[in-house]
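**Student:** So the chains spell out like this:
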Amino acid sequence: MSAEALPTAPFVLADHLPVLPIIVPLIGAAIAALMPRGWLAWAVATVSSVLVAILSVLLLLQVQETGTISYALGGWEPPLGIEYRVDTLNAFVLMIVGAIGAVIMLYALESVPQDVRPRQQPFFYAIYLLCLCGLLGMAVTGDAFNIFVFMEISSLATYVLIAMGRDKRALLAAYQYLIMGTIGATFYVLGIGLLYTVTGTLNLADIAGRIAEAYQVYPRAIIAALAFVIVGISLKLALFPLHVWLPNAYTFAPPFATVFLAATATKVAVYILLRMYFDVFGPAVSVEALPVTQAIMILALIAMFAASFLAFYENRVERMLAYSSVAQVGYIMLGMALANESGLTGGIVHLFNHAISKAALFLAIGAVVFRLGHTRMEELAGVGRRMPITMAAFVVGGLSIIGVPGTAGFVSKWNLAMGAIENGTPFLVFLIMASSIIAVLYVGRFIEVAYFRAPTGDCETARDPGLTMLLPTLLMAAAVIYFGFETTYSADLARDAARALIGGSQG
Amino acid sequence: MTAFEIIATHYNYAVTVFLMVAGLYIVVARGNMVKKLVGLSLFQTSVFLLYLSAGKIIGGTAPIIKEGIEVYSNPLPHVLILTAIVVGVGTLSLGLALAIRINEAYGTIEEDELFGEGGRE
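Line order of the protein sequences matches chains A and B. Using numbering that gives the first Met the number 0, you'd call the opening residue of the first sequence number 0 and step up by one each time. Using numbering that gives the first Met the number 0, you'd call the opening residue of the second sequence number 0 and step up by one each time.
No wet-lab data here; the hints were simulated from the structure. Small disclaimer: the values here were computed from a predicted structure and weren't measured. It is possible that some hints are incorrect.
[Said to hold, decoys possible] Cβ pair distances, simulated, as ranges:
#1 P117(A) to I99(B): 19 to 25 Å
#2 I57(B) to I53(A): 51 to 57 Å
#3 T67(A) to I84(B): 45 to 51 Å
#4 I57(B) to T67(A): 49 to 55 Å
#5 F429(A) to G30(B): 40 to 46 Å
#6 F17(B) to S69(A): 37 to 43 Å
#7 I26(A) to I6(B): 49 to 55 Å
#8 F304(A) to G89(B): 25 to 31 Å
Yeah, the Cβ is synthetic: ideal placement off N, Cα and C, and Gly gets one too.
Isolated chain A (complex conformation):
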């Protein structure tokens, strides 16, 4: 690319690449809401999502080429204006959200009409696009208050998406999440307020530059800010024991919304936590003042075991997967708590690997819901024989959650284990293994029911869903296997991001 070329249209667009993934779904949402028919709104949502996916991949490539991109929103220069700042870490997160959002749109075509009445479908897609916009905005912005605004955009949209579930308990789940999510977001904004009063800026890079000086004068305010931010974001990412909103939300939301949220929402929250802890607070606040990583490590370990046990005793398959998500968040947070290169790499790559694995699992179980309308384990006997393709994808996703070599989940756990050894705590490797064995039990329990029992009830006549639902499911399952072998675009990127984070906290 020659930068001296005439400023033709594509060049101008390329300059605005960081802001486009936000604008496209925002405009798409307005258009989708005005559509008279559900399928028209679906088409708008699909075009927007695919555009977002392309843009986020372009952004990732550009970051790889040129390094960190800083974009002044509306031409107002940072630190006064809002800055969009993209480095490898958030380009990676953007790519996860964009790719998942695009792939699952095909699934929506048949899945969404089952849960949402035709008249409400345009609004459903509009809300979905707003949620996408909020999540992408959280990932791309470099302004602390802007993160809060985008967080609330995505959260409010999420509450609506959950409440659209066909079971009336979806309403209770949405309400419960609204209360907890708002408390989390308010804690976050409280922490940001304290930071603003002692540093006088909201730009993340600017805060990071001034926080060491401010810490000498106002140590207590900054420790309080750190505590509020960590607890607030932990609520959003469902760190044990702040996870209680998650199982109900994932169980009762429409399957399409569950896939989207399970694969993306908690991941973006983890990104915010990583950014805040390592890049903003990292240089200033010593571990002695507030032992964040120790506390997170203990909670992460409890999550890995307690949530896995809860998953094992759970009778509804979606809820089992939801508890498994809480356990997997535990792995990701363990990577953060290790705070060395391999551990962080494991945590960050698990954002991606868990996103595709859980997407495959929830897509498969969504297909079961589509065909049968229920997910109690004892009523799903023999479903694997009648819906072979769907359940094959489920098995692949399940193997990845367990961490079997050759699947994406193994790559994450390998890096985490390496991180544990580097950290001088080899017993953590044992704990990672032990928790994986519980995953074998809960995934295996459903596989036993699905394959080794004779089909009964309506399972006898069940069959695989149509191509529009099978293709995304199979694509995710294929991705799980592909990224188990080929790690250039997952683990290698994650390693770059981890290096940058650790470098930032030392600098």
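Go by the hints and put chain B onto chain A.
**Tutor:** Structure of chain B alone, referenced to chain A:
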């Protein structure tokens, strides 16, 4: 500084903390979904006050440039809180809408009754 002076000069923070804790307490202790939302709004409002009192500069006027005035209050917290108020209104109205839908579906918005009659599995 004596204890009295600290309280006299920082009473805005005391008010903030009181509202915050009172709001959180209502959210946790009350089973009525509308009352919970009232508590949640109180909790959010306390944070608005924290921002606004930090933006006030003693002796400062409204931040409009005018001759003869040297000291202005900080306008940024006001702008931020304007945004946060909008978010708060959105959250409150969505919460109330959900409460209405729950009332239609279950005939009650008391959590005791909802979870007592098998609202949870």
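**Student:** A separate judgement is required for each hint: does it hold in the structure or not?
**Tutor:** Hint check:
In this structure the supplied range 19 to 25 Å holds for P117(A) paired with I99(B), their Cβ-Cβ distance being about 22 Å. Between I57(B) and I53(A) the Cβ separation comes to about 53 Å, which falls inside the hinted range of 51 to 57 Å. Distance hint check for T67(A) and I84(B): the Cβ-Cβ separation is about 34 Å, which falls outside the suggested range of 45 to 51 Å. The hint said 49 to 55 Å for the Cβ distance between I57(B) and T67(A), and at roughly 40 Å that hint is violated.
Between F429(A) and G30(B) the Cβ separation comes to about 44 Å, which falls inside the hinted range of 40 to 46 Å. For the hinted restraint 37 to 43 Å between F17(B) and S69(A), the CB-CB distance of approximately 41 Å keeps it satisfied. Under the hint 49 to 55 Å, the C-beta atoms of I26(A) and I6(B), about 52 Å apart, fit the expected range. Between F304(A) and G89(B), the C-beta spacing of about 38 Å breaks the proposed range 25 to 31 Å.
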